[in-house]
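Protein chains: 2
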Amino acid sequence: AGDAAAGEAKSGMCVACHNTDGNSMVPMYPKLAGQHAAYLESALKAYRDGQRTGGNAAVMAPMAKTLTDQDIANLAAYFSQQKAK
Amino acid sequence: AGDAAAGEAKSGMCVACHNTDGNSMVPMYPKLAGQHAAYLESALKAYRDGQRTGGNAAVMAPMAKTLTDQDIANLAAYFSQQKAK
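Those protein sequences? They're chains A and B, same order as listed.
The first sequence runs contiguously to residue 439 in our numbering.
The second sequence runs contiguously to residue 439 in our numbering.
One or more hints might be untrue.
Same chains, same names: a pair is fine if it fits in one copy or spans any two.
[Stated by the list, open to error] Listed next, the in silico SDA-like pairs over lysine to any residue satisfying Cα-Cα at most 20 Å (straight line):
no.: 1; residue 1: K399; residue 2: P381
no.: 2; residue 1: K399; residue 2: N410
no.: 3; residue 1: K437; residue 2: A358
no.: 4; residue 1: K399; residue 2: V413
no.: 5; residue 1: K399; residue 2: V380
no.: 6; residue 1: K439; residue 2: N377
no.: 7; residue 1: K437; residue 2: H390
no.: 8; residue 1: K439; residue 2: H390
no.: 9; residue 1: K399; residue 2: M417
no.: 10; residue 1: K419; residue 2: E362
no.: 11; residue 1: K439; residue 2: N373
no.: 12; residue 1: K364; residue 2: T420
no.: 13; residue 1: K364; residue 2: Q436
no.: 14; residue 1: K437; residue 2: A363
no.: 15; residue 1: K437; residue 2: V380
no.: 16; residue 1: K439; residue 2: D375
no.: 17; residue 1: K437; residue 2: P381
Think of the hints as simulated: they come from the structure by calculation, not from any bench.
Whole structure, please, built from the sequences with the hints as guidance.
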């Protein structure tokens, strides 16, 4: 299972688009706060593994490729525990 | 721009997984409530147009293929206006 504190420590690459608590202010970028961790993991892996193209994949894939499965679990834990606004 | 009332009328195919107000109870499925409409449109079009594979694409693509651009704008308007829980 993911470690939310480790996820927060790893979230620096996420915050420009998704905001520090996952409540993106940018219309083209999704809010991650309060999402189910299982979905966040699935989405990040689909970007990392080249299964998601189009949309924001040109931005997401290169960042996701730097992540291990454990990093992804940690990030998913962190953002799933933030409050959606 | 999307018509939220028309989107609600069209949302029957969405609710088994995403719940009537977009607050999915199912860990593998994302919450749509309160997402930015522009992101929801982008994601639905990426499923419809075959750019998203993996993850939930096997479920999403066949449903998205039935939608026009206007349907997608309407659904995005509807779910973006629901409150995230």
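Hint check results:
no. : hint         : result
1   : K399 to P381 : between (23 Å within a copy, 15 Å between copies)
2   : K399 to N410 : both (14 Å within a copy, 12 Å between copies)
3   : K437 to A358 : within (14 Å within a copy, 25 Å between copies)
4   : K399 to V413 : both (14 Å within a copy, 17 Å between copies)
5   : K399 to V380 : between (22 Å within a copy, 18 Å between copies)
6   : K439 to N377 : both (6 Å within a copy, 13 Å between copies)
7   : K437 to H390 : both (12 Å within a copy, 16 Å between copies)
8   : K439 to H390 : both (15 Å within a copy, 11 Å between copies)
9   : K399 to M417 : within (11 Å within a copy, 22 Å between copies)
10  : K419 to E362 : within (18 Å within a copy, 37 Å between copies)
11  : K439 to N373 : both (12 Å within a copy, 19 Å between copies)
12  : K364 to T420 : within (11 Å within a copy, 39 Å between copies)
13  : K364 to Q436 : within (15 Å within a copy, 30 Å between copies)
14  : K437 to A363 : within (18 Å within a copy, 29 Å between copies)
15  : K437 to V380 : both (17 Å within a copy, 18 Å between copies)
16  : K439 to D375 : both (10 Å within a copy, 15 Å between copies)
17  : K437 to P381 : both (18 Å within a copy, 16 Å between copies)
Hint violations for this structure: none, all hints satisfied.
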